[in-house]
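First to last, the protein sequences are chains A and B.
To convert, note that position 77 of the first sequence is 1572 in the numbering used here; the numbers rise steadily by one, no gaps.
To convert, note that position 100 of the second sequence is 85 in the numbering used here; the numbers rise steadily by one, no gaps.
If you're looking for bench data, these hints aren't it; they were derived computationally from the structure.
Quick caveat, the model's predicted, so the values are computed rather than measured.
Check the hints yourself; a few may be wrong.
Pulled a few chain B residues facing chain A out of the computed Cβ check, cut under 10 Å [as the list claims (entries may be wrong)]:
1) Leu47
2) Ala50
3) Met63
4) Gln76
5) Leu98
6) Ile114
7) Thr179
8) Gly184
9) Gln191
10) Ser200
11) Leu203
12) Arg234
Which stretches of chain B does chain A cover? Using the computed rule of at least three CB atoms under 8 Å from a CB of chain A, they are [what the hints assert, rightly or not]:
13) 7 to 13
14) 118 to 129
15) 224 to 231
Derived DEER-like restraints, expressed as beta-carbon distance ranges [unchecked claim]:
16) Arg1552/A with Leu157/B: 49 to 55 Å
17) Thr1504/A with Leu157/B: 47 to 53 Å
18) Arg1510/A with Ser229/B: 50 to 56 Å
19) Ala1662/A with Ser229/B: 23 to 29 Å
20) Arg(-5)/B with Met1707/A: 18 to 24 Å
Yeah, the Cβ is synthetic: ideal placement off N, Cα and C, and Gly gets one too.
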Amino acid sequence: MTQAQFVGTGSPVHRLNPVTKLVALLSILVIVFALPQWWVSAIVVVGVLLPAAVIARCGGPLIAVGGRILLPIVVVLVLVQGLTFPGGRTMVWQWGVLSVTSEGLLFALNVGARIVCLVLASVLLVLTTHPGDLMSALTEAGMSPKFSYIISSTLQLIPAFRSRADAILLAQQARGLAVPRNPLRRIGVMMPLLGPLVLGMFTDVEERGTAMEARGFGSTARRTALEAIPDSTAQRVARWVMPLVAVAAVVVPLVWEVL
Amino acid sequence: MSDQAPLDTRRSRTRLLVAAGAVIVVATYAYLVVAQPAGMADSGTTRAGLIAMAGYVIGAVLIAAGSIHQLPTTTIAMIPVAIAVNIVVGQLVAVLGLPVYLDSIGTVLVSVLAGPAAGVVTGILANVIWGLTLNPIPLPFAVVQVVIAVLAGTAARIGVFRRVYLPPVAGLVTGVAAAVVSAPISAFVFGGATGGGTGAIVGAFQAMGQSLLASTTLQGLLSDPLDKLITFTVVGILLAALPSRFLQRFPFAREHRVVTTAPLAPPPSPSE
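Work out the full structure: start from the sequences and follow the hints.
Right, dumping it as structure tokens:
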């Protein structure tokens, strides 16, 4: 499950420049956190995220992935804050010692709407943007290529790493390692697994470092890109307008309070 | 970006970025703790969430950008492995059903072997990769990994990993710091609900009359010190089990004699 969740449908949303989508995500987050009323997040989800998901033809995966992440959080949030919010005074419903306060529910609604927005917007970005494209676009925009190397190579490494861990576990079981039922004693199983895993993986690294250095990885000269990332004037304008809207969302309420 | 800048200008730019990031993180925490009682009165419609999120994320980005410039290529090549250790062991622990997370073993290991700067980059990018693959919830907590890496690197430098009984103590201290730093994010961004069990504990503390921030801090203090104690102990055992020739490859571990009090061994000769 650690594979990137990218779903390639080739829709207009997929073909946007990844930096545009990232700027949109950050602007949306600033807006919903700067205007912390629940209806702001609701408008963003219904008016921006869901239409974008429909255009991108990945509404199904968005609901599935987002729902799996959000369901436990939202349930816990409503239960815990509805019942125990420190500022709760107005009882809505009482049953024995349990009482639900309207302040608690309002708090859960405000915070929950923001979390829904945060998770859906991030998942949508991940679903519609290949991690490799995102990294190339960010490197072209001036991010250090070291970041893109680390992130891209980790994404490729994890499946190899997991199969190696499985192989070591099987080998240790073959020579008599038992996995006990007691959860605390299972920590003991970690050691015969971790030792060979870490040693083996780090030994590979040494040669990789030499090979990278020989190919000019440490060079600080500006590189040219092999794959051109699609971009347009409209997107360039949007990348300026969206942050301005976000800044306005922060500044306008502040000015409003002062006046 | 002026990448042709001479070496010492670049080094001071690095220091400036890290210092600015650290100041922003500390200022954010201080502001949230001081301003919190008045802000919590009106049911979550405060700007505390924005401040917690923006301060911690901007701080973490500055620290990561500053740290990555001072890392040599061999260390950069090692970081993906460490992130994979974080993620794969974290998932393995969840599958085995252990009552801890153990999702920072790679971060601590790299901080101890290659220094805190490498650990900081490992920790922050590990959270970014969680966000890119599985779940965006850990992303705002990236700054906690900075604290873990800096404390683990400092512990290694003062010789904690030379003794068997000291790593658990350093782990406890790190766990307390991690709990304190992560509490404002849990409280103001997630309303105390980052997971099932932790949410229930936060609720229990609130029912006893604690404020939201106090409840998330206390919840963190219940789980983080134990988790980091086990993490540091595992790393300590791992270091003792790794061959000393392997440990000698890392300049930071060699220079500060992280694992052994024995006199400095000569660096491995290139003709080897």
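Quick rundown of the hints versus the structure:
Because the smallest distance between the Cβ of Leu47/B and any Cβ of chain A comes to about 13 Å, over 10 Å, the interface hint for this residue is violated. Taking 10 Å as the C-beta cut-off, the interface hint given for Ala50/B holds, the closest approach to chain A being about 7 Å. Taking 10 Å as the C-beta contact cut-off toward chain A, the hint placing Met63/B at the interface holds, the least distance being around 5 Å. Evaluation of the Gln76/B hint against chain A yields a held restraint, the C-beta minimum of about 7 Å falling below 10 Å.
The beta carbon of Leu98/B comes within 9 Å of a beta carbon in chain A, closer than 10 Å, and the hint placing it at the interface holds. Nearest Cβ of chain A to the Cβ of Ile114/B: about 6 Å, under the 10 Å cut. The hint holds. Using the Cβ-Cβ criterion of 10 Å, the hint placing Thr179/B at the interface with chain A is satisfied: the shortest such distance is roughly 7 Å. Taking 10 Å as the C-beta contact cut-off toward chain A, the hint placing Gly184/B at the interface holds, the least distance being around 4 Å.
Taking 10 Å as the C-beta cut-off, the interface hint given for Gln191/B holds, the closest approach to chain A being about 4 Å. Look at Ser200/B: its Cβ gets to within about 8 Å of chain A, closer than 10 Å, so that hint holds up. Using the Cβ-Cβ criterion of 10 Å, the hint placing Leu203/B at the interface with chain A is not satisfied: the shortest such distance is roughly 13 Å. For Arg234/B, the shortest C-beta to C-beta distance to chain A is roughly 7 Å, which falls under 10 Å, so the interface hint holds.
With 0 residues having a beta carbon nearer than 8 Å to a beta carbon of chain A, the segment 7 to 13 of chain B misses the requirement of three or more and the stated coverage is violated. Figure legend: the segment 118 to 129 of chain B, annotated as covered by chain A; annotation consistent (6 residues with Cβ-Cβ distances under 8 Å, at least 3 required). Given a C-beta distance limit of less than 8 Å, the hint that chain A covers the segment 224 to 231 of chain B holds, as 4 residues qualify and 3 suffice. The beta-carbon spacing between Arg1552/A and Leu157/B, approximately 50 Å, falls within the hinted interval of 49 to 55 Å.
For Thr1504/A and Leu157/B, the Cβ-Cβ distance of about 49 Å falls inside the hinted range of 47 to 53 Å, so the restraint holds. Checked against the hint of 50 to 56 Å, the C-beta distance between Arg1510/A and Ser229/B comes to roughly 54 Å, which is consistent with it. Evaluation of the 23 to 29 Å hint for Ala1662/A and Ser229/B yields a pass: the beta carbon distance comes to about 26 Å. The beta-carbon spacing between Arg(-5)/B and Met1707/A, approximately 20 Å, falls within the hinted interval of 18 to 24 Å.
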